[in-house]
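Asker: Chains as they are written, first to last, in the numbering used here: chain X, 2 to 92; chain F, 0 to 146.
Fair warning: there could be bad hints in the mix.
Here are some chain F residues the structure puts well away from chain X; computed CB gaps all over 12 Å [unchecked claim]:
| # | residue |
| --- | --- |
| 1 | 3 |
| 2 | 5 |
| 3 | 7 |
| 4 | 14 |
| 5 | 38 |
| 6 | 50 |
| 7 | 74 |
| 8 | 79 |
| 9 | 99 |
| 10 | 102 |
| 11 | 114 |
| 12 | 116 |
| 13 | 140 |
Simulated coverage check for chain X against chain F, where a stretch passes if three residues somewhere in it have a Cβ under 8 Å from a Cβ of chain F [said to hold, decoys possible]:
| # | stretch |
| --- | --- |
| 14 | 49-60 |
| 15 | 83-91 |
No lab work stands behind these hints: they were computed from the structure. For glycine and all other residues, C-beta sits at the position ideal for the given N, C-alpha and C.
One letter stands for each residue in the lines below.
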Amino acid sequence: MDTSTKKDTFTVTYNGDDKIFDYAPHEKVRTVLDRAISEFHITASPHLMGLFTEGNTELSDGDTLSAAGVKPGELLILRQSTVRGGARPRA
Amino acid sequence: MALTLAPGTLAGTFEQFRDCGQGRDECVVYWTGPRDRPGAVDGVLVPVHQAGPDWYETDPEWLTSFFLELRRDRRAVRAQVHTHPRAASHSPTDDRYPVAPSPGLCSLVIPRFGTGPVSLARAYLAVLQDDGSWAEHDPRTTITEAA
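Isolated chain X, as found in the complex (with noise of 0.2 Å):
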């Protein structure tokens, strides 16, 4: 008898990379971001880092996947919060 518990699957494209995460509807999505944020290797600035839908929502890092309302098989957007630069902050 098969006695292990089934995963859902959902895909994270990160500059045209994509990984494929199994995940269970009760874990938190900053338990998964993180798991992205390695899988990835991204080496600066990880806590600004964060898991978008298709539509530009945020997820919220202290909700499960299921309350963020991530179906099996979805797509997420792994990108950085905010992207800026110059020679000095912005005003």
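Using the hints provided, position chain F relative to the given structure of chain X.
Answerer: For chain F alone, coordinates are given in the frame of chain X:
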């Protein structure tokens, strides 16, 4: 990572900086290339952005659509390129808020809003390292443009 630019990439980039920045505001473009050709650059993308004399900020909604476009077209950002008002350097803001913060990303800064000669001679190139730090590289040896 060494970058090889398609012909006209550098001139097109400077033209964009001059047209958009008008010698008074910063501007930014992203150099992109096919995922299966590491180091190749054959696209110059101008993001939806806001800018002032010493800053720029890319539109967040545009970023999401941009990453979806890269996925669809099997491409990647190889470098972010932007201007500074005076001498080129990599500021703390440049360090902290790059477009794709993983090792190998190049960040090229062009001085004087790109109003000088089309050249990398006075540009500043930083490359993101495995430990999250930025290392200065010589842009004239790291970046070459195909004839």
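Asker: Now, for every hint given, state plainly whether the structure supports it.
Answerer: A quick look at each hint next to the structure:
1. 3: holds, 18 Å
2. 5: holds, 18 Å
3. 7: holds, 23 Å
4. 14: holds, 20 Å
5. 38: holds, 14 Å
6. 50: violated, 8 Å
7. 74: Contrary to the label, residue 74/F does not stay out of reach of chain X, its closest Cβ about 5 Å off (not over 12 Å).
8. 79: violated, 7 Å
9. 99: With a cut-off of 12 Å, residue 99/F comes too close to chain X, as the shortest Cβ separation is near 4 Å.
10. 102: violated, 6 Å
11. 114: holds, 15 Å
12. 116: holds, 20 Å
13. 140: holds, 23 Å
14. 49-60: holds (count 5)
15. 83-91: With 9 residues closer than 8 Å to chain F, the stretch 83-91 of chain X meets the three-residue bar; holds.
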